[in-house]
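> As a plain string of letters, each chain reads:
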Amino acid sequence: MSGVALDSQDSALIPYVRRVGNVSHLDLIVKGARCGGCLAKIERGLTELPGVRQARMNLSTSRLHIAWEGAADRADQFAKTLDGLGFESGPLDADKDALQSSNSQTKHLLLCMGVAAFGLMNVMMLSVGVWSGAADMSGAERSILHVLSAMIALPVVAFSGRPFFKSAWRALRAKQTNMDVPISLAIFLACGLSIFETYNGQGHTYFDAALMLIFLLLVGRFLDARLQARTGQAAQELAALRQVNARRLEENGEISVVPASAVQPGDTLIIPVGAHVPTDVLVIDGKSKIDAAIVTGEPIPQSVAVGETIYSGCLNLDQALTVKAIKYADDSFLSEISDLLEAGQQTQAKYVRFADRAARAYVPIVHTLALLTFFGWLAVGGTPRTAIINAIAVLIITCPCALGLAVPAVQVVAVGKLFQKGIVVKSGQALERLAQVTDVVFDKTGTLTRTDKFADLSQVDPEDLSVFAALAQRSNHPVTAHLQNLSTSVGLADFIEEKGQGVSAFVDGVEVRLGQKRFVSSQATSDEAGLWGWIEGEAHINLSSGETLRAEAQSTIATITALGLEVGMMSGDAQERVETIAKQAGIKRAQARMQPGDKSNAVLALQRDGAKVLMVGDGLNDAPALANAHASAALTTGADISRAASDIVLRKDDLSGLTYAVRMAREARRAVLQNFGFAAIYNFCAVPLAVMGLVTPLIAAIAMSLSSLVVTLNALRLHRIKS
Amino acid sequence: MTALLWLIPIALILGSAGLAAFIWSLKSGQFEDTQGDAYRILNDDDKPLLTKVTSNDRA
Chain A
4 MSGVALDSQD
14 SALIPYVRRV
24 GNVSHLDLIV
34 KGARCGGCLA
44 KIERGLTELP
54 GVRQARMNLS
64 TSRLHIAWEG
74 AADRADQFAK
84 TLDGLGFESG
94 PLDADKDALQ
104 SSNSQTKHLL
114 LCMGVAAFGL
124 MNVMMLSVGV
134 WSGAADMSGA
144 ERSILHVLSA
154 MIALPVVAFS
164 GRPFFKSAWR
174 ALRAKQTNMD
184 VPISLAIFLA
194 CGLSIFETYN
204 GQGHTYFDAA
214 LMLIFLLLVG
224 RFLDARLQAR
234 TGQAAQELAA
244 LRQVNARRLE
254 ENGEISVVPA
264 SAVQPGDTLI
274 IPVGAHVPTD
284 VLVIDGKSKI
294 DAAIVTGEPI
304 PQSVAVGETI
314 YSGCLNLDQA
324 LTVKAIKYAD
334 DSFLSEISDL
344 LEAGQQTQAK
354 YVRFADRAAR
364 AYVPIVHTLA
374 LLTFFGWLAV
384 GGTPRTAIIN
394 AIAVLIITCP
404 CALGLAVPAV
414 QVVAVGKLFQ
424 KGIVVKSGQA
434 LERLAQVTDV
444 VFDKTGTLTR
454 TDKFADLSQV
464 DPEDLSVFAA
474 LAQRSNHPVT
484 AHLQNLSTSV
494 GLADFIEEKG
504 QGVSAFVDGV
514 EVRLGQKRFV
524 SSQATSDEAG
534 LWGWIEGEAH
544 INLSSGETLR
554 AEAQSTIATI
564 TALGLEVGMM
574 SGDAQERVET
584 IAKQAGIKRA
594 QARMQPGDKS
604 NAVLALQRDG
614 AKVLMVGDGL
624 NDAPALANAH
634 ASAALTTGAD
644 ISRAASDIVL
654 RKDDLSGLTY
664 AVRMAREARR
674 AVLQNFGFAA
684 IYNFCAVPLA
694 VMGLVTPLIA
704 AIAMSLSSLV
714 VTLNALRLHR
724 IKS
Chain B
1090 MTALLWLIPI
1100 ALILGSAGLA
1110 AFIWSLKSGQ
1120 FEDTQGDAYR
1130 ILNDDDKPLL
1140 TKVTSNDRA
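Chains as they are written, first to last, in our numbering: chain A, 4 to 726; chain B, 1090 to 1148.
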């Protein structure tokens, strides 16, 4: 993010400070802290400041807690210190932190896992005794061990099995089934049968099998929850960095800084240069230019004057504005768009996860099989007891233990690996959808191309450059951001700023100009995009092309095509420019003059023809298309809304991660299929044994742990996939 | 068989001790930043140590 946006946050942290006695507390999200060095730098840098009691960085969640003695207004100083250390930070409302709840959920799963492990180990110890000493042991002695097992196992099952029981109960009450229904059934039946056998003092008990089932499934559940927490947090982190505050003009004439959510319609707000507009507003004083790219996707600034409406999320570029809020931030334009997006995302949510699809097919087969076993044994003259025991054995042995672990284990490895490479995948489901993609559609502006900031200045004479840098620093316009950072000692005279055109001044009596081509050069006929500079008596120089193809775009498109995907491009831009960029990038199918709705319709049309589209975009204008596409990716530099709508966020300002993400998603799908294949083979071998009544608890225990081990090891193979 | 009367309670007590330790570590937030703690152990906090040494030297 540019320095402009940071400035707007400078005095805006105060609403987030909590006071406890004389000590102030602040929670921040810190971007970019990824290693031990960063952690030490941040904690030391802040604790060295006077009065700071504690600065504790949580590297896993990117959250920083600061506690200090004294007034709340020191908060800005910490943000500046962090900025100086090279870390961008944003305030965090600790009460609304979604991570808290997901954290407590993972913690609870971890607790259940610990308890299950304890019970499992102790029951297993007793079971080993029963099995190894079977020959020498009297029935009474065995009974004692069984009773002991029951005493350990039953409370543990009751405690650790709750995540499955609750979910199964919820599903049954809604007259549906899910994976947890057969799981819970198997656990209940295994425990019930074991109690019965213990009471009768004969036969086998399945306490260890029930516990192992719970433990291994909890591992899968835990991995899944952690994956969700981590990806959800990454998305939240991106949003928090854009946290908007408002400067409200109070009745006594003072300006107070409040969170955007506290603004009410009718409030008078001041929008300083470089600040985002917190809610939909009406201009009541001032004239400025705004960057409405978040709304229109157009990078060219628009003029606004008194009486005009500005939508939330726009960036004020030129002069401070006095405005009147006309809506609550929660029903502002941006929020409305978010709601639309959610509607679009529900189409994506219709996608049924692989494991659920497998479970839907699997559950009826298994239950029929158990029923057939029961009647089969009765038919061949078995006692009802034998028939029931064998039917239950079928249910226990076929319980989708490997299924519960097969998918999360693979997805955790794949998503973790992608995360290391700066690619945030929002959910395991997104990874599954990404693997099915057949077409990739790119947006042009901002996605395949870069605008303004990245010009090649090495060709420009250094003396001329320092003149333009001086002009740029006086103008302070974001378009000249790359020039403002250069050092210069040139003195300017008669500085004049022509709004929306450029700036001019005299250096030692020589006129210099910086701005649009037509402003800089009187001969210019075409309105060529970009930033131009001119020094009297010399030719005009291009200081920034309007738009250039990303360096990695061509190679990325080549590798994506090599994966067998169809590549296309859609842009709101004019035909000619779209064709030029498409040619450079090596894209054959390019569509120009597409409105946001057109893009979305085009994506839907493609999908009706059987294609599965991966949409890659960055602006709000892409958001509907992103939400409707089968899978979607956004760049981290893009609008919040497009990031929110996307399955994948590329953290680095670099497209090349896309190919790796698709490859990884495909490999993950393959690994999941292999795991399911393995589970099928395992069932193929084990079920006949169970039907024939040959499965002992020993076989059940060995088979279950072995299958889970194989599934996990197979998932770990994904680590070897290179980018 | 009488050995079992000793061994099973001992096993259970040791197991519960392990479980109690796990629950304590979970409650005290030791699983909250597994990534950061892995690095934190490597950051030696040598600044207070140095001031201690120099003040001892002066004394």
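There may be inaccurate statements among the hints.
Said to hold, decoys possible - When the alpha-carbon atoms are kept at most 30 Å apart in a straight line, the in silico BS3-like pairs for lysine-lysine are as follows:
{"hint": "1", "chain 1": "A", "residue 1": "327", "chain 2": "B", "residue 2": "1116"}
{"hint": "2", "chain 1": "B", "residue 1": "1116", "chain 2": "A", "residue 2": "34"}
{"hint": "3", "chain 1": "A", "residue 1": "725", "chain 2": "A", "residue 2": "591"}
{"hint": "4", "chain 1": "A", "residue 1": "110", "chain 2": "A", "residue 2": "83"}
{"hint": "5", "chain 1": "B", "residue 1": "1116", "chain 2": "A", "residue 2": "429"}
{"hint": "6", "chain 1": "B", "residue 1": "1116", "chain 2": "A", "residue 2": "169"}
{"hint": "7", "chain 1": "A", "residue 1": "110", "chain 2": "B", "residue 2": "1116"}
Think of the hints as simulated: they come from the structure by calculation, not from any bench.
> Determine for every hint whether it applies to the structure shown.
Here is how each hint holds up against the structure:
no. : hint             : in the structure
1   : A:327 <-> B:1116 : violated, 49 Å
2   : B:1116 <-> A:34  : holds, 27 Å
3   : A:725 <-> A:591  : holds, 29 Å
4   : A:110 <-> A:83   : violated, 34 Å
5   : B:1116 <-> A:429 : holds, 28 Å
6   : B:1116 <-> A:169 : holds, 23 Å
7   : A:110 <-> B:1116 : holds, 9 Å
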